[in-house]
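Peer 1: The residues making up each chain are set out below.
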Amino acid sequence: MDELQMVRDLISERPPPRPEVIAAARARLSGRTPPRRPAAPRRRPPGRHRALRVGVPVAAAVTAAAVIATVVVQGGTAPHPAANLGVYQPPPGTAGTAGGSARDMLLAVARTAAKNAAGIAAPPAGTRYWVTSSVAGNFVRVGPFSDRYVILEKTAAQYWGALNPQAMSQDYNQRLGVQLASTADRQAWRRDGSPSSWDVNQETSASDPEGYTGGGGAEIRAGLGKPYAFFGQTGGPTFVIGHRSFSASGLRELPADPAQLKALLLTGYSTVEGFASVEDYLWMSVPGVLTMPVTPQVRAGLYQLLAGLPGVRDLGSVQDAAGQSGVAVALDSHQTHCGHWNTVSSGTDHWTFTSCQVQDRLVVDPGTGQLLSEELRYLSLPPGQSWSPPGGLFSYQIFGATKWSSASPPKN
Amino acid sequence: MTARTAGARHGDPPTQRAREDAADLKRSLRDPDQFGVIFDRYFTEIHGYIARRLGDDAADDIAAETFLTAFSKRGRFDAGLGIVRGWLYGIATRQMSRYRRREVRAYRLTERAAAPAPDAGHADLVVDRVAAGAMYRQIAGALAELSRGDREVLLLIALAGLTHAEVATAVGIPYGTVGSRLNRARRKLRGGLAGTAPLTQQEDQDHG
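Residue numbers (this note's numbering), protein chains in the order written: chain A, 31 to 442; chain B, 90 to 297.
Just so you know, these hints were derived from the structure itself, not from any lab.
Note that the structure is predicted; figures quoted are calculated from it, not measured.
We treat Cβ as the ideally placed atom computed from N, Cα and C, and that holds for glycine.
Don't take each hint at face value.
[To be verified] Which chain A residues face chain B? A few, computed with CB under 7 Å, are given here:
| hint | residue |
| --- | --- |
| 1 | I41 |
| 2 | R44 |
| 3 | P46 |
| 4 | P47 |
| 5 | V51 |
Using the sequences and the accompanying hints, generate a full structural model.
Peer 2: This is the structure we're talking about:
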């Protein structure tokens, strides 16, 4: 008699969890539903691919198209060296103008947002999907330890949330290519043999000063990737605010009061780690909700919430990384352990910088109250440390227009 | 029984899978969305383990909480000291501890059941083999009598098919202690089957 087998028989197996249970649990993990990145880079099939259409305003669309064109024409196929990669050029107006009162500016934006239901009014009859799109740019330090350099990796994402619970909601992702952060980085890239792919969790020879061996890790690849779907899920789109999930219709019942919105955003905050302060967490959480199909009044309430946070700065008129003009507000925070990466074989954590001052900048269209982009910059670094991308930029996300759609999502 | 729970991983070197898990988890520090890889790999399995012990509805909540906790604490996972799969089961185990009395009560009900499914509310939990006879009732009674630490080790191995190394990570005990707890738990189950009641044996020092 095997008593372990008897235990297995006695406490018998249960059916697998329902898809909506899995979807809800998964949605709780991310502060915002879209976008997600692919689990692993896929092998690039031969030929050119259609770009995801990202519904960003004209200036940004031109920029994105230029990036695509550059990479399609010039990008090599891994692992062969890339013949050429462009250098990131910040739009001329990224520095901003001298600012006034951040509070006044955000309250003015809130008044504008309250009157603008474009893209977020209640879905018209026949609507099948809620669609959002974005472009993310991340600067990453790569290359041999003796001669590091920084590249900019761009990714497009699109989310199609099916209102019919039986239909599939889909995330799509697409690699948009790689640029070098500066001309100095480009020279270092050439010395590195002009590679077109990089192991981000860099592990090089044991002779390196940091002493890593082995290989393997996340890979960044130059060139335009194929758009592909990721995480198809049924059960309708789930919107996560704080640690609570909402359906599309549930979102429309949200209170517009800033204090109530703040309390909602802070549900589950006690279990969250890695933020410098409650303000830092709120500042990071609001953009995701601004891109959800909430009512104009809730959008206004969110801007009012931001207006009430201490330490918010007005940066005046700026251009974002995609060249879109808007007004910017920022919250600075002091962080320890900035720029995480790790060695895979040993599982050791490393940070590019032991500390940093980070600026989290939100760029808003003052004429519509729509959030255009979010940019993260190093304002200061430990003595002797430097970061080559212009303006200390290390990550940005350009939010495209959101919309209800009766169309069908792209086939994969 | 399906292969998943039959302890098929016993004796397998955990290295390759564990290394991949650790790499994926580390990657999720740089890119939080990468945590989805870990979620997709283990959610259904861990949900299944919780559902067996506490029922489907409780599993829906506890499994979600488990992965939320794992996500927020992923920076603390030390690949040099543990295995991701065991670490996830450990989080689930701690989440389930709130329901320990309910679980033990269900084992008791099963032990006393003269007929199958005395209480529809517990049909979810300890089910279809009760009618098979007194032996299963005795197993249920012995499960209720086990110390909490012994029961966790036994169920992680019997139901979830964890390796001893994974159990060590999950419960936070030395590798060698896993074997001693398992042996003690099995002894008690066998004792229950033999009709004796050696349920008050001395506790080993690791118990706690």
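Peer 1: Was the hint right that A:P46 lines chain B, CB cutoff 7 Å?
Peer 2: A:P46 check passes; min Cβ-Cβ to chain B is 5 Å, inside 7 Å.
Peer 1: Taking 7 Å as the limit, does the beta-carbon of A:R44 come near enough to a beta-carbon in chain B?
Peer 2: 4 Å, holds
Peer 1: Taking the closest Cβ pair, is A:P47 under 7 Å from chain B?
Peer 2: OK, holds: A:P47 within 7 Å of chain B, min 5 Å.
Peer 1: Close enough to count: is the Cβ of A:V51 nearer than 7 Å to one in chain B?
Peer 2: 5 Å, holds
Peer 1: Does A:I41 meet its interface restraint, that is, does its C-beta lie within less than 7 Å of any C-beta in chain B?
Peer 2: 5 Å, holds
The earlier numbered hints are all upheld by this structure, with none contradicted.
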